[in-house]
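Novice: Single-letter residue listing:
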Amino acid sequence: MRSKRTDNHSWRKIKSALASTTAFVSAILVILPLGLVFFHLLVNGINSVNWDFFTKLPAPVGEVGGGMANAIVGSLELLALAGVIGIPVGVLGGVYLAEYGSARINSVLRFLADVLNGIPSITWGVVVYGLIVLRFKSFSVLAGGLALGLIMIPLILRTTEEVVLLVPNGYREAALALGVSRWQTIVHIVMKTASKGIITGILLALARIGGETAPLLFTAFGNRFWNHSLTQPIAALPLQIYTYAISPYDDWHRQAWAGALVLVTGIFCVNVLVRFLTRGRGAPVA
Amino acid sequence: MDATAEMPVAVSPVQQRMAPPSRFGDRAFEWLTLAMASVVVVLVILIGWELWVGSSLAIKKFGFHFLATSTWDPVAEEFGALPFIFGTLVSSAIALIIAVPLGIATAAYLTELAPLWIRQPLTSLIEMLAAIPSVILGLWGIFVMVPWLRDYPFPFLKHYFGWIPLFTGPIYGPCMFAGGIIIAIMILPIITSVSREILRSVPDLQREAAYALGATRWEATRIAVLSYAKKGLFGAVILGLGRALGETLAVTMVIGNTPQIVASLFKPGYTLASVLANEFTEATTDTYLGALFEIGLVLFGITILVNLLAQVLLRTIATTSATRAVQ
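Top line first, the protein sequences correspond to chains A and B. Anchor point for the first sequence: position 215 equals 215 in the working numbering, and the numbering is continuous, going up by one each time. Converting from the second sequence to the working numbering requires adding 1000 to each position, the first position being numbered 1.
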């Protein structure tokens, strides 16, 4: 009887250890692609990231060399435009949810924002195509920026709401008690207190749309040359990577790897910056 | 309170000078923020309306046959979405079969089983995986993953499991299976992080009760945590499904882009999102464009239903942290 119980106990312990090991292996498998992608980006991309890459236009087909200067600038232009559309709407909308909205309105708005966050990014491309490109009969910077900006809105709205809610009520009460009007309290006290969090949310949203390709395919469209007008098609780094990756030319493949390395480095820099901003305030360990 | 209210208050000249502050700024600001917040409502309506208008021509012409026929011939202007719906569902199913056990096991590891010091670094790494853009994963997929799959695991599967229709036929490289795997990689971070938040929200009393009864670590995890969080984990899976259905670039680059309905996973497939990515700029006629808009409408319809279900499931858990992880 006794030995049977011990056997059972040790079997249960073995089972527990097995389960822990399986879970550990799963965790390794989950982060394995991250390591592999990084490794291959470095191996394949590092040699093609040079001065030309940042300063030259793409070379014509068949010619070796050239760079992605126009795509890098194009991406920044699109991000700026997206920011102009997405940041004010997202931030002020988030402020409404946190400061004014009744519980019922808020739950509806929050729900819709989360649903919007789950919509495939290519859908935004189709919608903006119908809205802008078909109407004005041209792919354009405006269309691309709008598509990215619309994606940003629900993202920023939700993060802003959360950080504004974190501001202690005492701050609001103190300002109101001094006779400061409500909107000034919100702008000068509440939003200023939450500014770090709001900026973090904005940066994360920018990092997220900076790598988006699908919504740009038929809005910004891409361009082999410099773009000089908001109503003309424009190159973007992720678009260029896509075009080069599915092309049949080896030199373009090399450029695609280099572009990918640059893009990922940029995105990770933003993520590290965010970590730096939220340091000390962030989630405690488990 | 009443007593003070009735007390006569001497109005000093200073107080008279202090007129009540203007309410205009307050009202204007409230309306401004309300207008910005209601943009989300406008956007949902706008997407639905724009897709509906864009596809009205195709809807009139093909009706419900669009969803049930499998010819996709732009030259003859015959359009049916069935192969794309099939490809989307099959690739997402493969992705879920791979990603759900891995994601939930990893979440359980992160919250219950792992040594404390490893939890935060691992979580950060998973967040970094989520930050990799689709197109870069696709690039890696074309040049690294697909050749490897073609040379090692696929022949192995064919050799030992070739009697199952799923693993028959020639192995080209880009195929439905590769598409499913790349989607799995894309949705693993979200399934893992949402599951992790859900497991974290399980009250400690649950665990303590299990340990008090003499449960081992795994038994406590299984009995007290995983089964308690079943509904929330299901929500996490559905949310992952929503992302899987809409995943575009990475899949387009490895799935082979051939509209066909075949059993073999080694054959190329095509998804709703991929056909949009590939053919939208090539649509030369109004009917063609309309058909593509209708594909977009179908994709939007499916993803919105799946997302609604996920939100409802996750809402009942009512943890802000779970919804935060969604982003």
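Just so you know, these hints were derived from the structure itself, not from any lab. Please note: incorrect hints may appear among the correct ones.
Each pair of labels, with its calculated beta carbon distance range [said to hold, decoys possible]:
#1 Pro-248(A) to Gly-1162(B): 30 to 36 Å
#2 Glu-1208(B) to Ser-195(A): 38 to 44 Å
#3 Ser-195(A) to Gly-1301(B): 19 to 25 Å
Below, simulated BS3-like cross-link-like pairs (lysine-lysine); rule was C-alpha separation at most 30 Å, straight line [as the list claims (entries may be wrong)]:
#4 Lys-1230(B) to Lys-15(A)
#5 Lys-1267(B) to Lys-15(A)
#6 Lys-1231(B) to Lys-13(A)
#7 Lys-1267(B) to Lys-1158(B)
Yeah, the Cβ is synthetic: ideal placement off N, Cα and C, and Gly gets one too.
Novice: Taking each numbered hint in turn, which are not upheld by the structure, reported in ascending numerical order?
Specialist: As far as the earlier hints go, 3, 5 are violated by this structure, in ascending order.
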